[in-house]
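Number of protein chains: 2
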Amino acid sequence: MFGVTILGNNSAVPAYNRHPTAQIVTFQDQLILFDCGEGTQLQITKYKIKWGKIKHIFISHLHGDHYFGLIGLISSMYLLGRKDILYVYGPVALKPILDLQLNAANTQLPFELVFIPLGVDCVVLNEMKYTVECFATQHRIESRGFVVREKRKPRKINKEAVLFHHIPTQFYEKLQDGSDYTNKDGVVIKNDILTTPNTPGRSYAYSGDTLFDENVANHVKGVSLLYHESTYLKNMEDNAKFRFHSTTHQAATIAKIANVKKLIIGHFSSKYENLDIFLNEAQEVFPNTFLATEGTTHRITS
Amino acid sequence: MFGVTILGNNSAVPAYNRHPTAQIVTFQDQLILFDCGEGTQLQITKYKIKWGKIKHIFISHLHGDHYFGLIGLISSMYLLGRKDILYVYGPVALKPILDLQLNAANTQLPFELVFIPLGVDCVVLNEMKYTVECFATQHRIESRGFVVREKRKPRKINKEAVLFHHIPTQFYEKLQDGSDYTNKDGVVIKNDILTTPNTPGRSYAYSGDTLFDENVANHVKGVSLLYHESTYLKNMEDNAKFRFHSTTHQAATIAKIANVKKLIIGHFSSKYENLDIFLNEAQEVFPNTFLATEGTTHRITS
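Listed in order, the protein sequences are those of chains A and B. Each residue of the first sequence is one higher than the last, beginning at 38 in the numbering used here. Each residue of the second sequence is one higher than the last, beginning at 38 in the numbering used here.
These are computed hints drawn from the structure, not numbers from a lab. As the structure is a computational prediction, the values presented were derived from the model and not from experiment. Check before you lean on any hint, since a few could be wrong.
Remember, identical chains collapse to one label, so a pair may be satisfied in a single copy or spanning two.
To be verified - Derived pair list, reagent style BS3-like, types lysine-lysine, alpha-carbon separation capped at 30 Å: (1) K90 with K308; (2) K308 with K87; (3) K90 with K188; (4) K258 with K299; (5) K83 with K308; (6) K299 with K85; (7) K308 with K92; (8) K278 with K120; (9) K308 with K120; (10) K166 with K293; (11) K227 with K299; (12) K278 with K190; (13) K193 with K298; (14) K132 with K85; (15) K293 with K308; (16) K166 with K87; (17) K221 with K271.
Required output: the full structure, derived from the provided sequences and hints.
Here it is in structure tokens:
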């Protein structure tokens, strides 16, 4: 399973029983947490997320609605007896904030917490079956967005063709990676004669908080699913710009330019109770849009 | 109105939809927050507590379940446009934790935040109509309990007596404070001829986290209402001691020794789903015991 579960869809001050930003990406048996607003551990419990499977936590930036729940989550992992290594990625200033609070409670974590400060526009995590890239966004303070990419699956070997061309079995792995084969007589046998493509890798992008910025579209080009913040409705464009946030139309425009397959919008301002109009406005620009609703899981299918 | 509203009654890891410790003491038009576990701002919203009226916040100690919600609460006060001064009392290590997080978000508070480090066994707040004392408790890290005392109300003037004894009106205030009056002839007229006592001041004590410690009983002697932590049931006395917490019987024993009028127990361990047995056990020792339940307000009547 590759999917994303929304744990918090609100911005800043919690309102209308909506929580600050947090989302869990499930990649097979691993869970990745993107942002961790206050109360995330309560949402994790409510939606029966398996604490122990969270291996990587990414913090986009140090506004409280994106990370005030992190120290509580780590403390509870400690109290629940976690033993496995935990990787936390975030702005460099996050580390002393965590350390100061752990020290104040005289807490010695029984598991290793590895902190990785986020660079700019680079692959920050390279797992066996997926990578996570981060990119800089324009926000009031240093901020990042992320892209999770399933690694391209190996090509499928055409059994009849490899036998016919007498390809040695030890070359099969290279064939799966796309290499051509040159035989003893110096004849090149093209890879696409010997293999067929497998399904392309799926991908998920999370914008974090950002001003409307076409550069984001470059980073999230063609992804299977994009979560883009949409703090305001379209009539609040000036306010959005002033606060370094985006509107419905702007989020949907990025999705359209980037030619993504599906869009989720979230990070709604506390001033709005009813969210239907968010969906309507975004769909005017990008029809395949969905609202981020807490507890909902979106499977990433292609 | 003088009363206490429970916002969180659980210890450490949140469980069974119970939240970490926080309680609001209402004294007329002022609100005082005692401890501020993660999610307190959500509970404040849920139970319609008026944010703007919170003037004083006391943090008993730096275990996360007692203060991880503080930075979020302060940040939301900022976002909601608070202008009024806010007083925060806590262990000295709390201040740099708050500062580091405010700086990381580049937040300039538009209101004054005055931090007062807690001493030992002293009056830390002296308001017009009440005081707050703090006392040290025995816990794994430096920790405090608190007592809110309504100031003794002025004595009532006996109108017939003051006229009969020709007491000048400008001396009435001193009479209300309990002074005797000496007339021109040097005759002392005793105060209790001229006034009658008013109702005694009410009081509320909050134990914070503590080992069973008879010294706590000295500090909370005769209070109108005591909240004493009761993390465990009586059969877990060894565990309670090991973790510097109290059991049902121990909390009730303190209430009995201190001869308080009423007891609330809370800070329940996450291992217990059903709390009825907590009440039964405590009532075996101190019958006038109540369970801390979230959203419930206990009026302090005498």
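So, going through the hints one by one against the coordinates:
no., hint, in the structure
1, K90 with K308, "between (35 Å within a copy, 22 Å between copies)"
2, K308 with K87, "between (33 Å within a copy, 18 Å between copies)"
3, K90 with K188, "within (20 Å within a copy, 54 Å between copies)"
4, K258 with K299, "within (12 Å within a copy, 65 Å between copies)"
5, K83 with K308, "both (25 Å within a copy, 17 Å between copies)"
6, K299 with K85, "within (26 Å within a copy, 38 Å between copies)"
7, K308 with K92, "between (34 Å within a copy, 25 Å between copies)"
8, K278 with K120, "between (44 Å within a copy, 25 Å between copies)"
9, K308 with K120, "between (42 Å within a copy, 20 Å between copies)"
10, K166 with K293, "within (28 Å within a copy, 63 Å between copies)"
11, K227 with K299, "neither (35 Å within a copy, 86 Å between copies)"
12, K278 with K190, "neither (40 Å within a copy, 56 Å between copies)"
13, K193 with K298, "within (25 Å within a copy, 78 Å between copies)"
14, K132 with K85, "within (28 Å within a copy, 35 Å between copies)"
15, K293 with K308, "within (27 Å within a copy, 50 Å between copies)"
16, K166 with K87, "within (20 Å within a copy, 50 Å between copies)"
17, K221 with K271, "neither (65 Å within a copy, 82 Å between copies)"
Checked against the numbered hints above, the structure violates hints 11, 12, 17; every other hint is satisfied.
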